[in-house]
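Enquirer: The residues making up each chain are set out below.
Number of protein chains: 2
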Amino acid sequence: MRQSELFTKTLKSVPKDEESINAKLLIRAGYIDKLMSGVYTLLPLGQKVIKKIEDIIREEMVALGGQEIYMPALQPKENWETTDRWDSLDILFKVTDASKRQFALGPTHEEIVVPLAQKFINSYRDLPKAVFQFQNKFRMELRAKSGILRAREFLMKDLYSFHLSEDDLDKFYERAVSAYKNIFNRVGIGDITHFTYASGGTFSKYSHEFQTITPDGEDTIYICNQCSTAVNKEIKDETPACPQCGRVDLKEAKAVEVGNIFKLKTKFTDAFKMTVKNEQSEEKQVLMGCYGIGIGRLMGTIVEASHDDQGIIWPEAVAPFKIHLLSIGSESRAEEVYKQLTDAGLEVLFDDRSASPGEKFADADLIGLPYRLVISPKTGQRVEFKDRKSDNVEILEVEEFLERLK
Amino acid sequence: MRQSELFTKTLKSVPKDEESINAKLLIRAGYIDKLMSGVYTLLPLGQKVIKKIEDIIREEMVALGGQEIYMPALQPKENWETTDRWDSLDILFKVTDASKRQFALGPTHEEIVVPLAQKFINSYRDLPKAVFQFQNKFRMELRAKSGILRAREFLMKDLYSFHLSEDDLDKFYERAVSAYKNIFNRVGIGDITHFTYASGGTFSKYSHEFQTITPDGEDTIYICNQCSTAVNKEIKDETPACPQCGRVDLKEAKAVEVGNIFKLKTKFTDAFKMTVKNEQSEEKQVLMGCYGIGIGRLMGTIVEASHDDQGIIWPEAVAPFKIHLLSIGSESRAEEVYKQLTDAGLEVLFDDRSASPGEKFADADLIGLPYRLVISPKTGQRVEFKDRKSDNVEILEVEEFLERLK
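Taken in order, these protein sequences are the chains called X and R. Sequence positions in the first sequence follow numbering that gives the first Met the number 0 and run 0 to 405. Sequence positions in the second sequence follow numbering that gives the first Met the number 0 and run 0 to 405.
It should be emphasised that the hints constitute simulated quantities derived from the structure, not laboratory data. Quantities reported herein were computed from a predicted structural model and do not represent experimental measurements. There may be inaccurate statements among the hints.
Where chains are identical, the list cannot tell them apart; a pair therefore holds if satisfied intra-copy or between any two copies.
Derived BS3-like pairs (lysine-lysine); straight-line CA-CA distance at most 25 Å [said to hold, decoys possible]:
id, residue 1, residue 2
1, LYS250, LYS33
2, LYS180, LYS276
3, LYS144, LYS93
4, LYS180, LYS118
5, LYS377, LYS11
6, LYS33, LYS50
7, LYS405, LYS338
8, LYS338, LYS128
9, LYS128, LYS11
10, LYS250, LYS204
11, LYS76, LYS99
12, LYS272, LYS8
13, LYS118, LYS11
14, LYS93, LYS76
15, LYS33, LYS76
16, LYS93, LYS33
17, LYS283, LYS8
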C-alpha cells in the first residue's frame, strides 16, 4: 500500500492522560486512536496486526477441535442472577431498555455458553465439545491506565470446553496448553512467555496464566531457572518451589498476563444444572474448562516487549506489512521495485510521500516493520536493506533481498 | 467436517415467540440460537456463512479504496450531544458507569468517525479517503419480531467516505453503487435485488437502498419494468415515474432493505466543524458519504428469498459447506469418498452419524447445502448426486462429480 494513501499519519504527541508505552507508541505510529479512557479505535495498521494475531489463534483453536461461534454482548440479567454474579461483579456494565428490562454487557460468556451448550449436549455421546469466539468484551474499569492492556472494551478470544470426566478435561487442558504455547511462539514472544501457576479462585487449587516478561508489567512472577515454569506472586507464599520440577531457585520478573486458562469444572454447569446421562444411564454433571486470550492486550504486550527509543519492532508474523519501502528522491526506480515486490506477493508499505528523508526514516522506525528498503540515487539499480532489529545497513540486488526472505 | 462432531443438532421446534421464516429455519437448522428477543448467537454453521459474506464484502470494499478499521461500541455522550442525537434517537442504548459518566452503545458511527478523520485529514491533499469496519451495532428495538432482520445487536459493515467536492463525492458514490451490485450478485441475490430511491431525510433529496424481493418483506417497493430501478413506497407519491428512465409502469413488490447508502454531505462534518484548506488555501467543509450493509440481515434475507418447505437453499458462495455427504449404511466407502473430496480441497459436511436415512435426508434439506451426495450399498463405487435446487437425482462417478464442480 502507498503511504500517501494511508488513512493515518504518524503523530508527534499523544493524549496527555496516556501513560503506557504500548498506547503511546501505537497512537503515535497510527495503529490505534484513543476515543476515551480505556476505549480505543483500531486504525488500518492496527486492524492488520489484530487480524494476523486472530488468524494464528484461529488456526490453533481449530486444530484443538474448537468450533467458532459468536455470542452476543447484550445478555439477560436472569443468566447473571443464576450464577450469582449480577450483584457481585463490580466491573459489570448494566443497561436498561425502555421497558425497564435490564441487561449485562458481557465481560465473559460462561453465563451464555452454558445454557447454549445445554441445548445441544444431551448425552455422553455429545462430549467432549469445544467452542470459541473472537468477540468484544466490556468491563467497567474505573482506572484504565495501562493503554490497551486493560481496556473497557476489548476483543477477546474465549474458548469453552465441555467434558464427561475429569480425566477428559485434564487431557484437553494439556492440549490447550500446547496450543497456547504454539500461539505465543508464532506471534514472536514464545521465549519470554512463561506458563505460570496462579490462584484458582473458589473452584480450583490453581489456574494457569501465560505471562510475558516486560519491563513495565503489572504482575510479578517467579520463574524457575530449570524448567521456565513460573509462579504468580499471589501464590508465591504457599508455593515456594517450582510446581513443575520442585526447584527453589526462582527469578523475579515483571510480566503481563497474555492468556489464562481455568478448569472451571462444575462451577457453571452446576448453576445451570447441566447434566448428561453416561453410558450406564446415570445423570452426570458436565465439566468445563475456559481459555482466554485478550487480542488487543496481546498486541500491546508485544509492543511493550519489543520496541526501542525510536519505535516499535514487530515480529514478522504479526507486522502489518513485511517491508517498508522508502523512496528518497528516486521515484521512478522506487515505483519499479514496489511493483516487483508486490508482484512477488509481498506485503509492502511504500513511502511515496514527498516528505524529507529524515521524516521517512523516523516514521519507518516508529511504525516498526521488519525490513526497511531505501531507494535513492546512490543505490542505483540496487536497494539499501536494513532489518529493524539491527543497525546494520547493506546494499543488495532486489533478487538477493527476495532470496533472503525465503 | 464430521456431522457427528458438530456442536449443533437440528431442532424440531423453535421458541414460541419466533414468527419470522428466517429465524425459524436458521434456528431449526442450527445456524443461530435465540438468546432473547432480537439477540442471537451465531452457531458454527451460521458463523461460517457470516464469514463468507464478510469476505466478499471486504474484497469489494478494499477494491473501492476502503481501509479497514474497528471503532468502539462504547461511545462518549458528548459526541452524541455535538450532533444533537443524544436525546432524539430513541433507539439509543445508554450506559452509565460507576462514576456516573454516560455512554451510548453505538447504533452507527458518524459520531466517532468524523472526529477520528479530523485528526488525519488536514488538507485537500489528504482527500478523498474511505474507511470501513465490520462491527457490532446496538439498537433498542422494542418490538424485535423479524428474526435477524431487525436485531437489537447486529454485525454491520459501515463505510464512510470523505471528499473535497460534491463532484468527487458523486463519483465515489457511483463506484460504491457498483461495488454494492457486485456484492449482491456474488452472494447470490443480484437478480432479485433492486437499486431503490428512498427518502433522503433532512439532508438530501434521496437516499438509496438495495431492496431484495421476498414474500414477507417489511418494505414495499415499485420496480421499473424497463431498467429494474425501484422506488420505496415512502416516496412513491412524490415520485410516480422511474427516477432513472422516466417510465411509469412500476410493479409493486414486498422487499427487505439489505443495504443503504447516503450522501451525508456536510451534515456531520458541520457538527464537528471538520474543514480542510483547498489548493487556494480557502477553508472548505468536508463532504461525506456513508454506506451500510447489515451482515446478519443479509444472511436472513437470503434465507427469506431462498428456501422451500423442507429448509434453506443456500447460494453456493455463502453456503457453510459446498457438499453434504450422507453415509447410508456404507461407512467405509463413505470414509473413502470423504477423504477424496477433502483432499481435493472441497468443503464437506459429512453425515457420519448413526441416524436413520430419513433423518439424514431431512437434515440435509433443512441445512440446505448446495450439493448432496449419498453413499449407500446401491451406489457401489459411485455416488448419488442431487442439487438442493432441483428434484433430479443422478448416479455419478466421483470424478464426474468433481468435474462438474469446476
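Enquirer: All the hints need checking, so say for each whether the structure fits it.
Expert: Hint by hint, here is what the structure shows:
no.	hint	in the structure
1	LYS250 <-> LYS33	neither (36 Å within a copy, 50 Å between copies)
2	LYS180 <-> LYS276	neither (35 Å within a copy, 52 Å between copies)
3	LYS144 <-> LYS93	both (22 Å within a copy, 24 Å between copies)
4	LYS180 <-> LYS118	neither (32 Å within a copy, 39 Å between copies)
5	LYS377 <-> LYS11	neither (30 Å within a copy, 74 Å between copies)
6	LYS33 <-> LYS50	within (19 Å within a copy, 28 Å between copies)
7	LYS405 <-> LYS338	within (18 Å within a copy, 32 Å between copies)
8	LYS338 <-> LYS128	between (47 Å within a copy, 23 Å between copies)
9	LYS128 <-> LYS11	between (49 Å within a copy, 22 Å between copies)
10	LYS250 <-> LYS204	within (23 Å within a copy, 70 Å between copies)
11	LYS76 <-> LYS99	both (12 Å within a copy, 20 Å between copies)
12	LYS272 <-> LYS8	between (54 Å within a copy, 20 Å between copies)
13	LYS118 <-> LYS11	between (54 Å within a copy, 12 Å between copies)
14	LYS93 <-> LYS76	both (9 Å within a copy, 16 Å between copies)
15	LYS33 <-> LYS76	between (30 Å within a copy, 15 Å between copies)
16	LYS93 <-> LYS33	both (23 Å within a copy, 20 Å between copies)
17	LYS283 <-> LYS8	between (58 Å within a copy, 21 Å between copies)
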